[in-house]
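2 protein chains.
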Amino acid sequence: MRITRIVEKTAGIKSNIRNAVIDFSKITLSLVAVETDVIVDGKPVIGYGYTSNGRYAVGEVLRERIMPRLMEADPDSLLDADGYIDPHLLHDCLMKNEKVGGHGDRAHAVAAVDIAIWDAICKAREVPFYREVARRHNGGKALSLVNAYPGGGYYTEKGNAGLRDEMKGYLDQGYKLCKMKIGGASVAEDIERIEVAQAIVGEGNLAVDANAGLNRERVMAYAEALEPYKLAWFEEPCDSLDFELQTDLADRYPHPIATGENCFSRQDAKNLLRFGGLRPDRDVVQWDPSMAYGPTEFIRIVELSRPLGWKPESCSPHGGLLLGLGLAAGLELGGTENYPLVFQPYGGFSDDAVVENGMVAPCEAPGMGWETRSKLYNEVLKPLLD
Amino acid sequence: MRITRIVEKTAGIKSNIRNAVIDFSKITLSLVAVETDVIVDGKPVIGYGYTSNGRYAVGEVLRERIMPRLMEADPDSLLDADGYIDPHLLHDCLMKNEKVGGHGDRAHAVAAVDIAIWDAICKAREVPFYREVARRHNGGKALSLVNAYPGGGYYTEKGNAGLRDEMKGYLDQGYKLCKMKIGGASVAEDIERIEVAQAIVGEGNLAVDANAGLNRERVMAYAEALEPYKLAWFEEPCDSLDFELQTDLADRYPHPIATGENCFSRQDAKNLLRFGGLRPDRDVVQWDPSMAYGPTEFIRIVELSRPLGWKPESCSPHGGLLLGLGLAAGLELGGTENYPLVFQPYGGFSDDAVVENGMVAPCEAPGMGWETRSKLYNEVLKPLLD
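So the protein lines, in turn, are chains A and B.
Numbering-wise, my numbering puts 133 at position 133 of the first sequence, and it's gapless, one number per residue.
Numbering-wise, my numbering puts 37 at position 37 of the second sequence, and it's gapless, one number per residue.
So here's chain A without its partners, still in its complex pose:
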């Protein structure tokens, strides 16, 4: 298996939503396509990947550093015993001449390539991504249904009425657990929003996400105000690097805390789990494979988490993509996010995915299953190599 071509392109997400911290109208992402010399159904296998919709495009890192290393490598040096590209050898190749630490933009660039190569490997083997992950890393066991929740409840001009309608819509679509944003208003206003949403979804089925936008005083004020609502989790109360504040919060807030999406390497993840004050018996870790060096690193993080007391069920990939769904199914994780309304056409499961009782089946198409999302595939991914 050889890579015969690789291209990257920057795209905008043109979203008018905001959370506690970010205005998404200027956010961009990087798309990657790789063509291989493997022929399936008479055509060369092509793999696709893209970075998160939550950060920025990394075109220069891809063009100047990551992609040339892949194309300059001896193709045979990247292969496993079966003749397919080995994701670990790939990772080392992409990271050649990169220093330790500073896991920022380059982690997204490597992720996009890693995702595209996994997509290509699975297509070459003619298996769905989740099956390949399960075979390699989970003794062949996989979930037939995965807990899925919509990441929504952003601040919009429609206010609380819009929030109510949005939550109703999620239930109509088959979701049980729903997530909404907090931290972009006063505590009192957010509590009102929480009551509006919880009245629809029911106690225990609402998670809230502060997007790390709260300072110490606000974190503690929210913790006190949120406690009676017994939320499914309180996501990113603060910067997950603020181990001190997070530990203090965990000492006072009895219900689950969730974090991890802004932690981009196994080294950082290990330190977060060891020193971040999180509680393996209740908290949720949400690594984002499209920001943190791709599924290869994600799997390593899940594996290093076990000896630290973290079961796979405590992990739920951030970012509502087929990628997260596949990892959740293949590693038997606790769940995965989805973006039914936002970040289109990048976020979301297959066009024909059915959510029932808050659960969804993994995609059975070969590879990541990008082709099962027609707008994403036809308008964004396929044109990359046309």
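Hint data in this document are derived by calculation from the structure and do not stem from the laboratory.
Take these hints with a grain of salt, some might be off.
Treat identical chains as interchangeable: a pair holds within one or across any two.
In the DSSO-like style, the derived pairs of lysine-lysine whose C-alpha atoms are separated by at most 27 Å in a straight line are [said to hold, decoys possible]:
no.	residue 1	residue 2
1	Lys311	Lys141
2	Lys141	Lys382
3	Lys9	Lys96
4	Lys26	Lys158
5	Lys176	Lys158
6	Lys96	Lys158
7	Lys43	Lys9
8	Lys26	Lys9
9	Lys96	Lys26
Using the hints, position chain B against chain A.
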């Protein structure tokens, strides 16, 4: 004070040296110049900055994210009470719409702009950088002489004879403490190199730098082999994010360890100091202001280090630049690096700087003093806005 123009440019360093991990021939860096509306000596004040020679250029991050935020900001919103740009307000402006965590490439981009603005502020005030730092952050106290050591001893084709000549050359130039690379050879070969160098510089005057290129087994083998030489410090024995290995090393290796150059934010620095196993009574922290959001963040890190038990004397900026010399003088730090032979024309002090008994005076030119390095100024920086 207003920024009237800002430009960035990528440059290569075309260096054929290597350390344990990195081949420098492909390394690039980003240059930044800002023009202001402040007139001194009949000309607009111009500030310059550049990223580290140890990572890669960040042109896209500068062009697409950091620079537009500066130019789109209300100029008055960035000013302090004296009418100059306030570095903290500047930092917040440059980081608008950036998420928490992931302190990688963008930390270098912000650093280049922050350095250029500090250069401009000091030129507008007609004071040397170190004096301005001392006035703002050190009660006006500054060092008149700073400990300086050459970062050298790379692996070259000249072998041990070349290393011996290089160390002799440093002593002839007035240096006492000298640093050399290790980890790019076997332990036995490196011990031979250390003996060659130490025979020239004398016990206590040699530091070694492994550039985080050693795995656990090699770290421990080096620790045992290095111990009898009573080195000034053992720099970057491992990835500074590997708190576990670093702690184990600190438990076994009695002499100073140095690290910090690959830690790019105050959040990361705090965690390293709290959980990285380092010992404030002997170890050395080496934050790099040209990689880690610039002097503004560097000063914050030095300030947050104090309550954690770290005195300013334990800190020595990484990267051999006038920038590090100015910070060391203005904050009364333990020393600073210099690059007499490598990374030219970017590394190094003023052309007329005199090192005596291992010490050098800070640069008295207004701003960073880039103009006192003729090749750097005339061939690289000045043309940016010509």
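Q. Against the structure shown, which of the earlier numbered hints fail to hold, in ascending order?
A. 2
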